[in-house]
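Q: Spelled out, the chains give:
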Amino acid sequence: MSEEIKTLTISVYTENNIGLLNRISAIFQRRHINIESLTTSQSEIENVNRFVIVVNITETQAKKIVGQIEKQVEVIKAYYHDDHETIYTESCMFKIKSNLLFDEPQIQNIIKESNTRIVTVNKEFFVLEKSGRRHEIEALRKELNVFGIMQFVRSGRIAVTKDEMKITELLAEIKN
Amino acid sequence: MNTETMETNKTAATKTERITGCEAIIRCLIEEGVDILYGYPGGAIMPVYDELFKYQGKIHHVLTRHEQGAAHAAQGYARISGKVGVAMATSGPGATNLVTGIADAQIDSTPLVCITGQVPSHLLGSDAFQETDIVGISTPVTKWNHQVTKAEDIPEVLAKAFYIARSGRPGPVLIDITKDAQFQEFDFSYKKCTGIRSYTPAPKINLESLRAAAELINNAKKPLIVWGQGVILGEAEEELKAVIEKSGVPAAWTILGASAIPTSHPLNVGMVGMHGNYAPNKLTNECDVLIAIGMRFDDRVTGDLNTYAKQAKVIHFDIDPAEIDKNVKTDIAVLGDCKESLALLLKELNANSHEDWHQEFKDLYKIEYEKVIKSDLLPEKEGLTMGEVLKEINSQTKGNAAIVSDVGQHQMIACRYAEFNKTKSNITSGGLGTMGFALPAAIGAKMAKPDREVVAIIGDGGYQMNIQELGTIFQQEVPVKIVVLNNEFLGMVRQWQQLFFDKRYASTEMTNPDFVTIAKGYHINAKRVTKREELADAVQEMIASKSSYFLEVCVEKEDNVFPMIPSGASVSDIRLS
Chain A
1 MSEEIKTLTI SVYTENNIGL LNRISAIFQR RHINIESLTT SQSEIENVNR
51 FVIVVNITET QAKKIVGQIE KQVEVIKAYY HDDHETIYTE SCMFKIKSNL
101 LFDEPQIQNI IKESNTRIVT VNKEFFVLEK SGRRHEIEAL RKELNVFGIM
151 QFVRSGRIAV TKDEMKITEL LAEIKN
Chain B
1 MNTETMETNK TAATKTERIT GCEAIIRCLI EEGVDILYGY PGGAIMPVYD
51 ELFKYQGKIH HVLTRHEQGA AHAAQGYARI SGKVGVAMAT SGPGATNLVT
101 GIADAQIDST PLVCITGQVP SHLLGSDAFQ ETDIVGISTP VTKWNHQVTK
151 AEDIPEVLAK AFYIARSGRP GPVLIDITKD AQFQEFDFSY KKCTGIRSYT
201 PAPKINLESL RAAAELINNA KKPLIVWGQG VILGEAEEEL KAVIEKSGVP
251 AAWTILGASA IPTSHPLNVG MVGMHGNYAP NKLTNECDVL IAIGMRFDDR
301 VTGDLNTYAK QAKVIHFDID PAEIDKNVKT DIAVLGDCKE SLALLLKELN
351 ANSHEDWHQE FKDLYKIEYE KVIKSDLLPE KEGLTMGEVL KEINSQTKGN
401 AAIVSDVGQH QMIACRYAEF NKTKSNITSG GLGTMGFALP AAIGAKMAKP
451 DREVVAIIGD GGYQMNIQEL GTIFQQEVPV KIVVLNNEFL GMVRQWQQLF
501 FDKRYASTEM TNPDFVTIAK GYHINAKRVT KREELADAVQ EMIASKSSYF
551 LEVCVEKEDN VFPMIPSGAS VSDIRLS
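Keeping their order, the protein sequence lines are chains A and B.
Residue numbers for the first sequence follow the UniProt record's numbering, beginning at 1 and rising by one.
Residue numbers for the second sequence follow the UniProt record's numbering, beginning at 1 and rising by one.
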């Protein structure tokens, strides 16, 4: 009986220390698990960082991974959630030749219909930015690809969970 | 360092003194109660050695002959004493040579603080002479590591290092200190670390799970305890003994759990695992409740997980939440420090004796005795067996010796047959299986506990992996007793070649030097035994010796260690021949 592989979002609250990224990514590497995306940033709490890691693994694997992550001295707490339990988004940017904006009127329609934002326009190129789900970004990329894209870049997933994580309470409890 | 994390160390206003970073390192070690450290000097750590010279009366530095020796010696020190072992090395190769010992300490949960020198901070990342990214290299094999580039961080970081190494599930910590930080002056004050907000050393015991566990044990017909090193690390030997004696539950041990309960205890039913005893392995698959205490269901213990204790309810006592359900699905997990949880469990347990169930262990022991143990300990053939050497050492040390073993056949024989009266007496490389461990580990063990008899049991292969440490034994006058069981083979690999590779003995036969001459070259008393009638006298001479002693015993070349659970087989399929 093989368990279903799911796209899971692992959220990790940590101290902000050099080397922790290495320590956490090594946990995945050692188990031959590919990280689909990894984003780190400041969290809602001052001096606490948050990792958002997306992986395709089984829940059994996720439980073990979260255990190994939490075992790291500088990790405050780790969780995993599936797509139904999180609100998530990615963002992307396109750099495209400026003349296309005028030669290919279809591009303007694409921009309008997909709620894509124009970040900047100059004589040589213009830059588009869009946030959304992966399939929306992929659809946009395919549409624009017809006209030629100078550069494309997409960020990792960022996600907030529907459930509370109660990190502030946890930290208060530790302090007392 | 993050300011919040360090807050715990800064609360009390303490007097300060202006000193250098390197002096601060020594002062921190003294504050942490370090009396001995093991190491090897070199460019990037020289300022610290210069300070060690000044502090000679207060802290004893042991110059090993290789940094790997320093790491293992620190492990031996930690394993026998329960204190944090300290090893020191220079940058680059000095630091990388520590790595095997650090990895060994990580997998065997040994508290270690390793201090490495590093090139000056302005050279970091420039491929400077003897620069290596030891923090990067050691990350997967340390409980925590950190690089210090400013002298003022030294006291806080070292306080944290000792706290992390010894608390909760112990482990190795590496602190890399740049040479400029060693030279800098700053206002020194020291405060021990008592907590880190992101780190919970021992989870709180859940009383509901504890009661559920007790109920399961009380209602069990065929319960079996398997304890591991957690009992020794948690100093819960008395609590475990009380639990076993009240509940009457047969108790077996993993290789690192050995010696927590005396070998002769009637409820001690022996070792589990690949070369463990027949009864506890077989009956693992017949018990109705399996109670794992401070052990981690290593693959060498469980064999095939799909056929491991499937009929049993599993209770797991552990301090490390990541161990629960890692390998074996647990029905009831009792997290926390086992010294506390076992004491609480005791109150909930009913008195029982499980006589019929014990009889099953006795019956299987008889089979093992007839088919394996008798010929190991009382051989009728001409060649000497490893088992009879252990038997002789047992009888002459009366089971009071600490046995430090290396890795291979002799290790399995030592763990199977050594008799222990005292805890913390079985020092061996369990998880990593590091050949070369025993000789330096024995040095550390003997120096930590000079009043104890320390006997290193080593194979001819592993002995030659760190044989240079004879120099340390000679220079430091460490009265360790070294027994090399020489079968002129890498015996365990040869055994596998015989059983699973049609006797193709690829690169396992060893043409050995004259070990006695080598020992004598280091001015260590030495003797070689080749005949049974010489053995008792030689062991007696060794044990009676006030100084270090080397005894080579030439044993049968192609003996095998049984019982054996072939790799990947079920514990039920344990072989007696």
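Hint data in this document are derived by calculation from the structure and do not stem from the laboratory.
Where hints are given, some of them may not hold.
Stated by the list, open to error - Dumping the calculated EDC-like pairs for lysine to aspartate or glutamate here, alpha-carbon to alpha-carbon at most 16 Å: (1) B:Lys-326 <-> A:Glu-44; (2) B:Lys-326 <-> A:Glu-70; (3) A:Lys-63 <-> B:Asp-320; (4) B:Lys-422 <-> B:Glu-453.
What the hints assert, rightly or not - Label-pair restraints from in silico Cβ distances: (5) A:Ile-174 <-> B:Gln-475: 45 to 53 Å; (6) A:Thr-168 <-> B:Ala-212: 50 to 58 Å; (7) A:Lys-6 <-> B:His-122: 45 to 53 Å; (8) B:Gly-33 <-> A:Lys-166: 34 to 42 Å.
Claimed, not checked - Heads up, incomplete: computed chain A residues facing chain B, CB under 7 Å, no partners named: (9) Glu-15; (10) Arg-23; (11) Ala-26; (12) Gln-68; (13) Ile-76; (14) Glu-173; (15) Ile-174.
All values derive from a computational prediction rather than experimental measurement.
Glycine included, C-beta positions come from ideal geometry on N, C-alpha and C.
Q: Give a verdict on every hint.
A: Consistency of the hints with the structure:
| no. | hint | in the structure |
| --- | --- | --- |
| 1 | B:Lys-326 <-> A:Glu-44 | violated, 32 Å |
| 2 | B:Lys-326 <-> A:Glu-70 | holds, 14 Å |
| 3 | A:Lys-63 <-> B:Asp-320 | holds, 14 Å |
| 4 | B:Lys-422 <-> B:Glu-453 | holds, 12 Å |
| 5 | A:Ile-174 <-> B:Gln-475: 45 to 53 Å | holds, 47 Å |
| 6 | A:Thr-168 <-> B:Ala-212: 50 to 58 Å | violated, 32 Å |
| 7 | A:Lys-6 <-> B:His-122: 45 to 53 Å | holds, 48 Å |
| 8 | B:Gly-33 <-> A:Lys-166: 34 to 42 Å | holds, 38 Å |
| 9 | Glu-15 | holds, 5 Å |
| 10 | Arg-23 | holds, 5 Å |
| 11 | Ala-26 | holds, 5 Å |
| 12 | Gln-68 | holds, 5 Å |
| 13 | Ile-76 | holds, 4 Å |
| 14 | Glu-173 | violated, 10 Å |
| 15 | Ile-174 | holds, 5 Å |
Violated hints, listed in ascending order, are 1, 6 and 14; each of the other numbered hints is respected by the structure.
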